[in-house]
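There are 2 protein chains.
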Amino acid sequence: MNRWIAATAAVLLAAAPARAYDVARVGGGFFGGQVTTVQGQPTTTARFTASGPLMTMDPNGEFVAGQMYAEYVLLSAPRAKYPLMLWHGGGLSGSVWGDKPNGQPGWEDFFLRQGHSVYVSDAFERGRSGFPRADMVQGTPIFRPMQQAWELFRIGPAGSWSIDPAKRVRYPDSKFPADGAEGMARMAVPRWTTTDAQTQAAYDAYVQAVGPSVILVHSQGAAFAQQAAVTAPDRVRAVVVVEGSGAPDPSKVDAARVKDVPHLFVWGDHMDAAPWPSFRAALDRWAEAIRAAGGTADVIDLPKRGMAGNSHMMMLDDNSDEVAAVIQDWLTAKGLMR
Amino acid sequence: MNRWIAATAAVLLAAAPARAYDVARVGGGFFGGQVTTVQGQPTTTARFTASGPLMTMDPNGEFVAGQMYAEYVLLSAPRAKYPLMLWHGGGLSGSVWGDKPNGQPGWEDFFLRQGHSVYVSDAFERGRSGFPRADMVQGTPIFRPMQQAWELFRIGPAGSWSIDPAKRVRYPDSKFPADGAEGMARMAVPRWTTTDAQTQAAYDAYVQAVGPSVILVHSQGAAFAQQAAVTAPDRVRAVVVVEGSGAPDPSKVDAARVKDVPHLFVWGDHMDAAPWPSFRAALDRWAEAIRAAGGTADVIDLPKRGMAGNSHMMMLDDNSDEVAAVIQDWLTAKGLMR
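So the protein sequences, as listed, match chains S and L. Per the numbering used here, the very first residue in the first sequence carries number 1; after that it's consecutive. Per the numbering used here, the very first residue in the second sequence carries number 1; after that it's consecutive.
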């Protein structure tokens, strides 16, 4: 069954309101990466455009592999002390911080309005970072079906998915938009599950290049961000973990290294759905280790604050601004604004 | 031979100067795309993070395929009458409009400073648009070696490439930075050569959603942009083609459809290097057909303006701002600024 999704007119409809912020510069660049030589592969031919000539294609030679990309919007007079880096989760790219499926502004715009210069990155092998040749990476990319996202991201319970949007059953209090599944699926990108070492190396290079900054990280990105803080506690001034799926193991990594790096862990609703208790256990252990070392590891369960029904994708939920405001309040309380 | 490239400190060094422009909104969204069902594939297992549980992975289900992504920066008081869409070339993504390899601002920032609201897109199967499952696309992705880029993009003549940066020989008047090849290679993304129809469909959906706009397009994107103008001459208010590699065939496509859509064709130096005469012939034919239909198709050869040595990647060349200023002057002359 195929059906066409109408092109999003949201961008068009989002007519520019009042002046929101003064910008000094917009751009983007690359971090990390390695020149690698490929040898001994046979030549092929390819036509690069329909009307173009047949060209000999020698797949051998030098390539850069392992790099990652980030775009940035630098404010002329930021109210935040440090730039805010937004790190996406698995099967996604930096696009998750842009417009929500309903066309409303996402968290990149929210935090710019709050006075943060913002960096939005794509992890290694995702988005504008490009993906590696098959002979430069183990395994094959994985594509997440809409049903898996629906359940894993706690929009509805197991068995509640339907191809027919009208028959999908969300949690009764769900804040994920009723018609948002197709829009979320358009944000999905393939991902490998074998690239943790390369991904971490690129993130570490990124942190070194940007300098003192605050990381706000989602889901799969959490393990990389928390490790990056351990590696460079002089660079990472705070870590906000939104529904992390992994963390350093305190039996192997010394949490005292981040005792001066405040951490916040934010969790949505319906956290008893598998596999979230298993994911959360690793984060809770790391948070406890930070506290035991004399550091700050605050935990916010949104339902305990009266905010019910938030999904794993809370930056796309209808109340995403309210969730972001909870994070902004914490950043302010930690002295990270001027 | 491997060697590590130092992380770009350029972003860090680019300390915010004076206030450059007032922004109303920053965001990004998706255009086009189709829900597609996959059936009959065997289940596998995967561990999504190093510390996570082994999860059953059912590759069957619904996916969205065919979508494309664009980010945007909307000015609060643009001086341009229409937003400027930047469309990248083959083997690249929207990152090509960001920082140059030397860390200096790219064309996205340049045109924002000139008063254009700017959209930066990734074509279908590139960048944040994601790439399709192997069973949803013909062929395999192609990776461009640094040597091919060096020659095809006319940085140096055939045979002038060396693995050793000190031994690479650029054209004597080259404006491409002497140490820019690694930085350019980091921007490279894999590309298919079999996806023209899907790419065009996504671009057409994008043009419809954004509304009246001006397209500035590079290289492989040119064929798609010129066809998009033919399909939607009410939406596309001008097309600036920077070194296009393809164009509609006037024996099959009626150029009169774009007689009210001014076109500009910009070419760099050393255009006699293969395969450029072949590429250029298609563009010259289409430009002539537009003029024969009573339309505007201006051609600017930069060397004839006294600007020598520009490569195919003129948005990365040392004089990129001067090239952009030539384009800005044309847009002004065509009445596209307020």
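Rather than coming from a laboratory, the hints here were simulated on the basis of the structure. Treat the hints with caution; some may be incorrect.
Below, simulated SDA-like cross-link-like pairs (lysine to any residue); rule was C-alpha separation at most 20 angstroms, straight line [what the hints assert, rightly or not]:
1. K259/S x P303/S
2. K252/S x K167/L
3. K167/L x S251/S
4. K252/L x A293/L
5. K252/S x G52/L
6. K167/S x K252/L
7. K167/L x K259/S
8. K167/L x T37/S
9. K167/S x T36/L
What hints, given by number in increasing order, does this structure fail? Hints 1, 2, 3, 6, 7 contradicted; others consistent.
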